[in-house]
Each structure stands twice: as C-alpha cells, then as structure tokens.
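Peer 1: Sequence:
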Amino acid sequence: MDRSIRTTEDVLRLLDGLFAPEADRWTAGGAGWWDGFYADRSKAVPFFVAKPDESLVSFLDRGLVAPGRALDLGCGPGRNALHLASRGFRVDAVDLSATAVDWARERAREAGAAIRFHHGDAFAADATVPDGLYDLIQDSGCFHHLPPHRRVSYLALVDRVLAPGGHLALTCFAAGEAGMGSELPDAAFYGASGTSGRPGLHGGLAYTPEALRRIFSDLTEVELRRMRDEPPASPRFGEPFLWTALFRRPASGGPLAQAAEDVQAAQDVQAAEADQDVRTG
312 MDRSIRTTED VLRLLDGLFA PEADRWTAGG AGWWDGFYAD RSKAVPFFVA
362 KPDESLVSFL DRGLVAPGRA LDLGCGPGRN ALHLASRGFR VDAVDLSATA
412 VDWARERARE AGAAIRFHHG DAFAADATVP DGLYDLIQDS GCFHHLPPHR
462 RVSYLALVDR VLAPGGHLAL TCFAAGEAGM GSELPDAAFY GASGTSGRPG
512 LHGGLAYTPE ALRRIFSDLT EVELRRMRDE PPASPRFGEP FLWTALFRRP
562 ASGGPLAQAA EDVQAAQDVQ AAEADQDVRT G
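Counting from 1, position 146 in the sequence shown corresponds to residue 457 in the working numbering; the numbering is continuous, with no gaps.
Misleading hints may appear alongside valid ones.
If you anchor each label on the Cβ, the simulated ranges turn out as follows [as the list claims (entries may be wrong)]: (1) A499 <-> A361: 34 to 40 angstroms; (2) G328 <-> P551: 33 to 39 angstroms; (3) V360 <-> V463: 30 to 36 angstroms; (4) R352 <-> R427: 18 to 24 angstroms; (5) A377 <-> R536: 19 to 25 angstroms; (6) T531 <-> S353: 40 to 46 angstroms; (7) G328 <-> L466: 19 to 25 angstroms; (8) R537 <-> D321: 34 to 40 angstroms; (9) R524 <-> A377: 36 to 42 angstroms; (10) R537 <-> A422: 37 to 43 angstroms; (11) R317 <-> G399: 40 to 46 angstroms; (12) V360 <-> L535: 23 to 29 angstroms; (13) D372 <-> D497: 35 to 41 angstroms.
No wet-lab data here; the hints were simulated from the structure.
Positions of the beta carbon are idealized from the N, C-alpha and C atoms, including for glycine.
Construct all of the structure, not just a fragment, from the sequences and the given hints.
Peer 2: In structure tokens:
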C-alpha cells in the first residue's frame, strides 16, 4: 500500500510519472531524448543557429530591459546567453541536456564569453541552480515543453529568483498554427495516449494571449506579440508561429516582492563584506 503523498512536490512527481519518459518534459526522464536531439548539429533546426531572438534584441535596443544579472532557462546551444553576455549581462544558463550544455560551452569559449552554464532540472525541489536574484529571466522554448502541472514549478521558480522590478522574456508556441503546438485542453494530456500507453505532450503546448496573461497575472505585461519572421540572412532568430512576451515583476509590494527584496539586501551586504575583505586582506 502506497500512501506517500504529503506535499505539493509529491503530487507533482506523481503527475510526472504519468508521462512517457521521453521529450516534452523538463524532468530527468526527458534528458536522454534531448541529448539525442542535440547530438546532430547539422540538422536543419531553426534554433540551432547562433542567433539571438529578435524579440530579445528589440527589448534591449529599446531600453525595456537594462543589463544586470540574467538567467537563460532551457538555454540549448546558448544563442541567447551569448547575446546577453555580449550586451553586458552576467549570465547563468541552464538546460536539461548535457549535450546542449556542452555545445553552448564550446560556443562561449569561442566567443570569449564568461557564462556560467548548469546542467540539470531547474524546477526540481532539490535543484542547486539557479540561485540568487535575477534582473532578467530569458526563456525561449522551455515553457511550452512543460506539462500543465509543471507550470506550478515554473511560477514558483519565477517567484523565487526574479528580482523586484525584473523582467521575464518569454517565447512560446502560438495557438492557431497547425503542427506547431498542441491545442488540447490541459486535462486531455493526462489520459493514456501513444504507443507507450502513457500521456505525451504532442510536441509541446500552444498558448493564446489570454492564457499567457492569466498564467502570468502576478506580473505586469510590457509587450505580447507574434515573433517577427526573420529571413535566413538576418543576424536574429525569428519565427512567426511563436509568441514573444515581456513581463515585469512589480518593484515593490506584496509578500513575494518583499521577500525578494530581503534576499537582495542580504546579498548586497555579503558582496560588500567580501569586497571589504579583499581591500583589507
């Protein structure tokens, strides 16, 4: 008799176990599939190119996001992390795939970019990375590969690491594009399907603007639009079957923002003490 469910994390892990151990999950069972996906670098995959999202470039060029500390979720081969580093950000980048992280590290070495790469599940309860507060969370294609119940983990991560006044830059599948994201309702993903007899995510979840606004309702919408279609010769990545959005966390107010401010204040004190030790050592 199994009566082990006691916490929210226990429930999330139970739901994880309903899904086939392959792609479209941000848990350890999906890592092998993603490793195989990234193994052949010659594949004609649009986001294998070393180009940043056109939306990210636009946010920075227009001054909507200022340089600071950035976290790239689901960094893949590191194209957005590299651009953020080139624009003056201190960057942490995390991916479930060790193969992707290795590729990203190679690109960073070639570019001379000082980026901290992490291999692992950023949403796990025992995750050691990322830590601290970030002025920007950059996510191009991670969110739409999460099963519905893992949005809880995603929002918890945002609450934990996004600094007051910080931004979430998000790129995800847009509903209404045939073959580019499933439009099934959330509940439908928890029925048996596929050859394994276990649920899958059919390539990822598509979202409407209304759904994104509801999910991220604790944040302030700065911009939400279709990604621009960038031609092959463009130095930027852009595909019109994607939404691109920028949300901002309130600078103050509410218990989550206050807790984040307290963490930031403690980090500032530690940094000052470390600097003083260096000066007097």
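Peer 1: State for each hint whether it applies.
Peer 2: Hint check results:
1. A hinted range of 34 to 40 angstroms for the beta carbons of A499 and A361 is consistent with their spacing of about 37 angstroms.
2. Take G328 and P551: their Cβ atoms lie about 36 angstroms apart, and the range 33 to 39 angstroms holds.
3. Distance hint check for V360 and V463: the Cβ-Cβ separation is about 33 angstroms, which falls inside the suggested range of 30 to 36 angstroms.
4. Between R352 and R427, the C-beta spacing of about 23 angstroms keeps the proposed range 18 to 24 angstroms intact.
5. Taking the beta carbon of each, A377 and R536 are about 21 angstroms apart, inside 19 to 25 angstroms as hinted.
6. Checking the proposed 40 to 46 angstroms range against T531 and S353 shows it holds: the Cβ atoms sit about 42 angstroms from each other.
7. Between G328 and L466 the Cβ separation comes to about 21 angstroms, which falls inside the hinted range of 19 to 25 angstroms.
8. Separation of R537 from D321 is about 39 angstroms and conforms to the stated range, judged on CB atoms against 34 to 40 angstroms.
9. At about 24 angstroms, the beta-carbon gap between R524 and A377 misses the expected band of 36 to 42 angstroms.
10. Between R537 and A422 the beta carbons are some 29 angstroms apart, a value that contradicts the proposed interval 37 to 43 angstroms.
11. As the Cβ distance of R317 to G399 is approximately 45 angstroms, the hint placing it in 40 to 46 angstroms holds.
12. Here the CB-CB span from V360 to L535 is close to 25 angstroms, well matched to the stated 23 to 29 angstroms.
13. Taking 35 to 41 angstroms as the suggested C-beta distance range, the pair D372 and D497 conforms, at roughly 36 angstroms.
Of the numbered hints listed earlier, those contradicted by the structure are 9 and 10.
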